[in-house]
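Peer 1: Make a model of the complete structure from these sequences and hints.
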Amino acid sequence: MCDIRTTPPVVALPPPSTTALGVPAPLTTNSPPVGTPPGSRRRRLWELEGHAFCPIIGVCLPLPLLRRLTARTLGTVPAHSDYEVHCMAVTECRRRSPLAEAVQKDLDHRYALVIKAAQPLKATEALARWWDDCRDRTHEGRADLASALWAALTHPRCDYLLEQRILGEVHMLQHQVGTASRADLSRLDTLQEENAILARELAGAQQRSQQQARHYGAQLEIQQAAALRLRAELIQAQTRLQQLQEAHDALRAASPNLPERQALAQRNRALQDELRQTRQALREAREQREQERERADRMWLTSAGHPAQATPAPDPAIEVNPVQLQGCAVLCVGGRQASVPVYRELIEHRGARFLHHDGGTEDNASQLDATLAAADLVICQSGCISHNAYWRVKDHCKRTGKRCVFLDQPSRSALERALGDIGWELPPETARGL
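Numbering follows numbering that gives the first Met the number 0, with no gaps: position 169 of the sequence shown is 168.
Hints are supplied without guarantee of correctness; some may be wrong.
Quick list of simulated restraints, FRET-style, between CB atoms [unchecked claim]: (1) S385 to Q290: 16 to 22 angstroms; (2) G203 to E100: 56 to 62 angstroms; (3) A231 to R268: 35 to 41 angstroms; (4) L219 to Q271: 53 to 59 angstroms; (5) E100 to Y159: 53 to 59 angstroms; (6) H108 to E168: 21 to 27 angstroms.
No lab work stands behind these hints: they were computed from the structure. Don't be surprised by glycine CBs; every beta carbon is placed ideally from N, CA and C.
Peer 2: Structural data, given as structure tokens:
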């Protein structure tokens with residue numbers, strides 16, 4: 000608090016006998032009241048005890064407002080420090096000066112509600128309890144100390160003892176506030192350091208968040224582009240499907256029996272598969288039968304000693320009237336290579352010249368026409384010949400009128416029977432002219 004005996008060295012205050020404007024002012028004495036003050040009039044600022052001015056000016060009046068009131072009542076105030084302005088106001092408020100009246104008016108207006116709340120108190124003890132309650136609520140942060148201080152000190156039932164107790168408590172509260180302020184400043188420094196750390200961490204987090212947002216934004220654009228592309232492809236596919244469905248409906252309308260045709264086509268494919276399987280089985284059976292016949296022919300040739308000198312058991316039909324092929328060219332088309340020596344022996348034994356063509360298996364199919372032209376008699380192994388060779392042989396013999404014998408079994412016995420049939424059908428002189 001400010002001591003009345005202490006004067007700031009840099010503040011030039013007016014003499015005590017004059018006002019701040021140089022006008023003589025009546026001297027007032029602030030003697031402490033004794034007992035309960037009579038009447039119900041609230042006390043004025045300049046009527047308070049000397050130690051009350053410092054806490055009232057410092058606690059109840061904001062410093063910017065104090066500077067404005069001082070400048071308005073005392074004229075232009077030099078650029079003094081806050082402490083110098085405070086001491087000047089304390090000195091002026093000890094008497095009824097223009098500044099004291101301005102402060103009185105402003106504080107009454109500022110704290111009118113609290114003053115009105117304390118007005119019904121009719122005893123000093125009630126005022127003391129009211130002050131204690133306001134002080135406690137101030138500690139809890141639920142009340143304003145400045146308004147309670149001004150209302151209590153200017154209350155008509157505030158005696159000297161209560162005033163001294165209130166001023167002492169306010170004085171200690173100011174010390175506590177100072178200590179708390181220093182602790183708060185220390186805590187503030189710590190919080191500022193923590194805030195700086197958190198600010199840096201927040202900046203890093205924001206930077207990472209922005210990077211992730213840009214990354215996710217790019218990914219989103221890619222996915223959206225892909226979604227648009229897929230949607231376009233889906234629309235194209237749906238359009239194509241609709242066109243195909245319309246074409247299908249048109250075909251069904253144009254072909255009422257289309258389901259029957261489809262069923263027949265499916266049945267045809269099944270029959271073709273079955274036919275291929277049957278042909279394969281028949282081919283395998285023929286191959287197996289030919290292998291057995293070739294094995295029998297080899298056994299016969301082995302038992303005869305030499306194919307050229309072999310004299311097998313003659314067929315009665317052949318021996319009765321054997322075919323004489325002297326000077327004829329007999330062409331055998333097809334057959335297996337293992338049976339060729341047997342065919343050669345039978346043909347040359349009858350005095351004919353033996354010709355052979357494998358039917359397109361290894362020999363060139365184009366050579367077949369020349370061989371057919373050189374032959375007088377054609378023996379075709381229909382079971383061991385290609386389709387192309389078969390139709391060439393048949394077409395050539397039909398076109399030229401050349402005799403052609405078709406054998407379904409490429410064996411010695413089948414050839415002998417075919418030659419015997421030729422002998423029974425034709426007279427010897429005709430057979431010789433083949």
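Peer 1: Each of the hints needs a verdict: does it hold here or not?
Peer 2: Now for the hints, and whether the structure bears them out:
1. S385 to Q290: 16 to 22 angstroms: For Q290 against S385, whose Cβ atoms are near 20 angstroms apart, the range 16 to 22 angstroms holds.
2. G203 to E100: 56 to 62 angstroms: About 60 angstroms separates the Cβ atoms of G203 and E100, which means 56 to 62 angstroms holds.
3. A231 to R268: 35 to 41 angstroms: Check passed, 39 angstroms falls within 35 to 41 angstroms.
4. L219 to Q271: 53 to 59 angstroms: holds, 57 angstroms
5. E100 to Y159: 53 to 59 angstroms: Violated - the Cβ-Cβ distance for E100 and Y159, about 24 angstroms, lies outside 53 to 59 angstroms.
6. H108 to E168: 21 to 27 angstroms: Given about 26 angstroms between the Cβ atoms, the range holds.
Checked against the numbered hints above, the structure breaks only hint 5 and satisfies the rest.
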